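As given, the protein sequences belong to chains A and B, one line each in that order.
When we follow the numbering used here, the leftmost residue of the first sequence carries the number 1, and every step to the right adds one.
When we follow the numbering used here, the leftmost residue of the second sequence carries the number 1, and every step to the right adds one.
Some hints could be false.
Copies of the same chain are indistinguishable here, so a pair counts whether it falls within one copy or spans any two.
Said to hold, decoys possible - Straight-line Cα separation of at most 30 Å, BS3-like style, residue types lysine-lysine; simulated pairs:
no. : residue 1 : residue 2
1   : K204      : K10
2   : K123      : K10
3   : K40       : K204
4   : K306      : K123
5   : K10       : K40
6   : K320      : K204
Treat the hints as calculated values from the structure; they're not laboratory data.
The structure presented is a predicted model; accordingly, all values stated were derived computationally and were not measured.
Protein chains: 2
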Amino acid sequence: MTYQRPNIEKMQGYSPGEQLNDPAVIKLNTNENPYPVSEKAQAALRNLDAASLRRYPPPLADDFRRAAAQLHGISPDNIMATNGGDELLRLILTTYVDSNETVAVTRPSYSLYPVLVDVQGCKLHEIDLQEDWSMPADFAQQLQQANAKLCILVNPHAPSGKLLSQDYLSELAAAFSGILLVDEAYVDFIEPEQNYQSVPLIDKHENVLILRTMSKGYSLAGLRFGYGLGAESLIAPMLYKTRDSYNTDLIAQKLALAAITDQDYAQSTWERVRQSRNSLTEQLNSLGFTVLPSHANFVLAQVPDKMDAKALQLALKERKILIRYFDQDRLRDKLRISIGTDAENDRLLEALHELLA
Amino acid sequence: MTYQRPNIEKMQGYSPGEQLNDPAVIKLNTNENPYPVSEKAQAALRNLDAASLRRYPPPLADDFRRAAAQLHGISPDNIMATNGGDELLRLILTTYVDSNETVAVTRPSYSLYPVLVDVQGCKLHEIDLQEDWSMPADFAQQLQQANAKLCILVNPHAPSGKLLSQDYLSELAAAFSGILLVDEAYVDFIEPEQNYQSVPLIDKHENVLILRTMSKGYSLAGLRFGYGLGAESLIAPMLYKTRDSYNTDLIAQKLALAAITDQDYAQSTWERVRQSRNSLTEQLNSLGFTVLPSHANFVLAQVPDKMDAKALQLALKERKILIRYFDQDRLRDKLRISIGTDAENDRLLEALHELLA
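In isolation and in its complexed conformation, chain A is listed as follows (with noise of 0.2 Å):
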């Protein structure tokens, strides 16, 4: 016999990228950053009295959530620390997602996102993109016409790259009824030309929720710590009911606090995995393969007319080089690579230069 709730029982996990401890492995399937965290946080980490964890950790990790607060110029009360960013978009659904309520989000887009709608057990609306990745037209209709309660977009988008600008989204929010969730997992990514700059939207619009992680730009997705940004009452439900008592533990606390407050280091690791994003564009289409600009780091690369893009991918694997490959509608002749060093990109064309010969 089962126990589990039907919505439960049908539905299937999220599969994450491999985890592979070797340290031979050339690891670019996780979008994790090449570069180690800040001297600061591992200062922190060196300076930590392990006594001290006998203690229950700051509920609400005030200390964070100033500096953060601070970075962005809004007030504490606009942000929650979570549990990496995952905990955010659990929370969401569970505090403001109805079962018969719909979740909309774009196709394709980040594979997390239809599994926790089968959690909760409300209902998911997927809307096409376009052939290049753009929004369709009418995007704001579909969502009203869906009676969406919430519309999950990642910007920069995953898997292709692409960055919706700050004006779309303020019109999306102000077209829409429901709450945006925008998921900036990648947006330390972005080129500062683009002057992306969507922290302003919380103010203007009250239904407008912003997902940042520590994981990515901040080298630290071991720790398991992310933000949310928001109107207040956005942000209270979910930091003062439905977050578990103490979601993020003492020692994620500091070293996200040492690491978000050195942004000197942090924004210099970016800028080298830009470069090299630039870099490893221009060489794979050189190679064959279509790749769009992208403002994340990793790239989605369209295999060489003929090329098996699975095929390709066990191939590296066998290589010890590790991409993602989605068995999904229009995913399946591309392959979505993480930006490593300059070493291990250089490695992987290597690679794939042997193999395409």
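Starting from the known structure of chain A, fit chain B onto it as the hints suggest.
For chain B alone, coordinates are given in the frame of chain A:
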């Protein structure tokens, strides 16, 4: 306007005990271990390479699961690691209790349970304990009459410290058609002579799930690490479907592993807590309090006649001694006091002596 689901809008959040950073405060209000974590866990922290945090952690915490399985003589498939015991409590409801179904708890019990029921939007059924905090004789029938899908018992009981035997739990599990969750947050402080052995229940009963935490027995409340033990059929849906994809972080996994494998040290702290508990119980009774024997790392002390428990708590707080007062039926004449070091307990007793004079 609000976007909240109706159940969320009308609910109240959980109020944790105060967490103060003032090192001058004697903190006997949240059942933390008065002794630091094992030196082996401290060494694991010192040896941790912060640069390794750039990668995602092992998603299932398999090293910890194997160690816990070995400790308990079961398979890793019977174990899942969680972000504190809190996460397991939440996942049980998420996975197994639909909105039209009922969760049964005793009254009084851990005050988080009704909050989790509110968050899930399911029904709560409270069953009063008897005058001496024992279970009503018809408890199993009451569960069946309430058509409960889940029953949560904290054992030893909070806030009374009373212990149910494994035989009682086994009979209850056999008589109950729903899931029996035994929250063993305080199990490590039971006297070895009691020979309490609940883990075999998970082989015998497919509907028994046991919750353990590293927060209390292993002095790691700051870390957020717990685990669940149960039949594979109960564990797997939470492990592979409803858990956040990376729910525990790398540092927590490593320190929890080091702490749980140093049983000698952990057990030495439990023995010290038990000795202090017995001594504190005796001395509180001789001061005029009524304290029943506790099997946990706290005691529930009924204040002497004509004393006001709430006023006593506040007077202690002025003296920088924190203990817990619950403003609810049957508890308004009582104080819950966590067991501190002998020096801390002595300071408490001195203060009480003065206040009662």
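Each hint tested on the structure:
| no. | hint | result |
| --- | --- | --- |
| 1 | K204 - K10 | between (40 Å within a copy, 27 Å between copies) |
| 2 | K123 - K10 | both (14 Å within a copy, 23 Å between copies) |
| 3 | K40 - K204 | neither (35 Å within a copy, 51 Å between copies) |
| 4 | K306 - K123 | neither (38 Å within a copy, 58 Å between copies) |
| 5 | K10 - K40 | neither (46 Å within a copy, 43 Å between copies) |
| 6 | K320 - K204 | neither (48 Å within a copy, 44 Å between copies) |
Checked against the numbered hints above, the structure violates hints 3, 4, 5, 6; every other hint is satisfied.
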